[in-house]
Amino acid sequence: EAAVTQSPRSKVAVTGGKVTLSCHQTNNHDYMYWYRQDTGHGLRLIHYSYVADSTEKGDIPDGYKASRPSQENFSLILELASLSQTAVYFCASRQDSGNTLYFGEGSRLIVV
Amino acid sequence: AQSVTQPDARVTVSEGASLQLRCKYSYFGTPYLFWYVQYPRQGLQLLLKYYPGDPVVQGVNGFEAEFSKSNSSFHLRKASVHWSDWAVYFCAVSEGSALGRLHFGAGTQLIVIP
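In order, the protein sequences belong to chains R and H. Taken in order, the first sequence gives residues 1 to 112; the numbers are from our numbering. Taken in order, the second sequence gives residues 1 to 114; the numbers are from our numbering.
Note that these hints are calculated values from the structure, not bench results. Only a predicted model underlies this, so the values are computations on that prediction, with no experimental measurement involved.
Below are the DSBU-like pairs computed for lysine-lysine, each with C-alpha atoms no more than 35 Å apart in a straight line: (1) R:Lys-11 x R:Lys-57; (2) R:Lys-65 x H:Lys-49; (3) H:Lys-69 x H:Lys-49; (4) H:Lys-78 x H:Lys-49; (5) H:Lys-69 x H:Lys-24; (6) H:Lys-49 x R:Lys-57; (7) R:Lys-11 x H:Lys-49; (8) R:Lys-11 x R:Lys-65; (9) R:Lys-18 x R:Lys-57; (10) H:Lys-24 x H:Lys-78; (11) R:Lys-57 x H:Lys-69; (12) H:Lys-24 x R:Lys-57; (13) R:Lys-65 x H:Lys-24.
With the Cβ distance kept under 8 Å, some of the chain R side facing chain H (calculated, not the full set): (14) Thr-100; (15) Leu-101; (16) Gly-104; (17) Glu-105; (18) Gly-106.
Computed far set for chain R versus chain H, every beta-carbon distance over 10 Å: (19) Lys-11; (20) Gly-17; (21) Lys-18; (22) Ser-54; (23) Glu-72; (24) Ile-110.
The beta carbon of each residue, even a glycine, is placed where N, CA and C say it ideally should be.
Next comes chain H alone, as it looks inside the complex (with noise of 0.2 Å):
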């Protein structure tokens, strides 16, 4: 069945420092992998998805993410962390069916330090 793992419950970076948050799936054949962010109190908002094709994607706000089908990963980076990047990050995967119904990783707290 299809998951998705975030293993990082939190992550603590410094502002201004670069960004890892890491997402592992799993899925039977080839997947359809989403980065959503939720802001405090708001609903949550794409930041990137990867249809198969080029392995690394871009996303908005300088973010983006690299498929791995050897590692199962979707991992997603971020070169310079900003204040406002604090938020809960979710990775996603798809079924790719024409219903596509997502499956969420828990999801990564993300907290920006001055």
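Only chain R is shown next, with the shape it has when bound in the complex (with noise of 0.2 Å):
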């Protein structure tokens, strides 16, 4: 069954609303990603984590919060959505000894 579950799996959101995504992985993973994909663009970092309770900035923070509750949780928070948030998200994990990314299957939003 799959290890990182992300939800929703799309939404509508209305310019200037709220928007969380949410990311639930059971690897036992330390550390846990969100990046954004547009087309052109391939993937890009936003946030990052390597233990509950502390985020980091990743490549393009700006207009995103991260939260990291526990070790299996990893949510995105868009707190005031804009047009240009319009974007397939991607959450992933990561052991403490690897490189080898585990993805979910995206969160495809579209802003209006």
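Assembly of the complex is requested from the two constituent chains, each provided in isolation within its own frame, with the hints serving as guidance.
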């Protein structure tokens, strides 16, 4: 069964609204990541975490917050959604001793 | 800064033909390199990875890649493409630190024609 699960899988949000994307992993991994995928840009790192109750900024953190309340859960929060945040968002996890990322199936967000 | 360039946004091959997807990286030091594949409506899956050592690495489903330090390249190859290989392929470089942050290329869409 899937070891990294994301919810919701798709969502339509209104501009200025709040959006929370959730990620749950059963890999027992310490590291978790949120990536954004846009056509022509590949994946870009938004936030990541290497331990519960701590998050770090990635390459494009502006407009996003992250929360890691437990080892298994990692959320991405858009306090004021904007049109430019329409994208597919991927969560991933990684064990401490390796570089391999294990991805969820993605959350497609459309902001109108 | 670390970066990856995949010069081909789209590659079309006939089923049974050979394949090469190009990847150029920029990295100061010895890179850790990866190829991930994204099938339609799915997340990314690891295809193969290079850690310093043998320059040719084998992956799943008959894929292999060759690391070249002189050319700063990590091209993906397959001898005979199958229709099920239709997907988007991403090359990535790791910072190699304990944090293991990956920097991805823009991806190459592989289209397989009968």
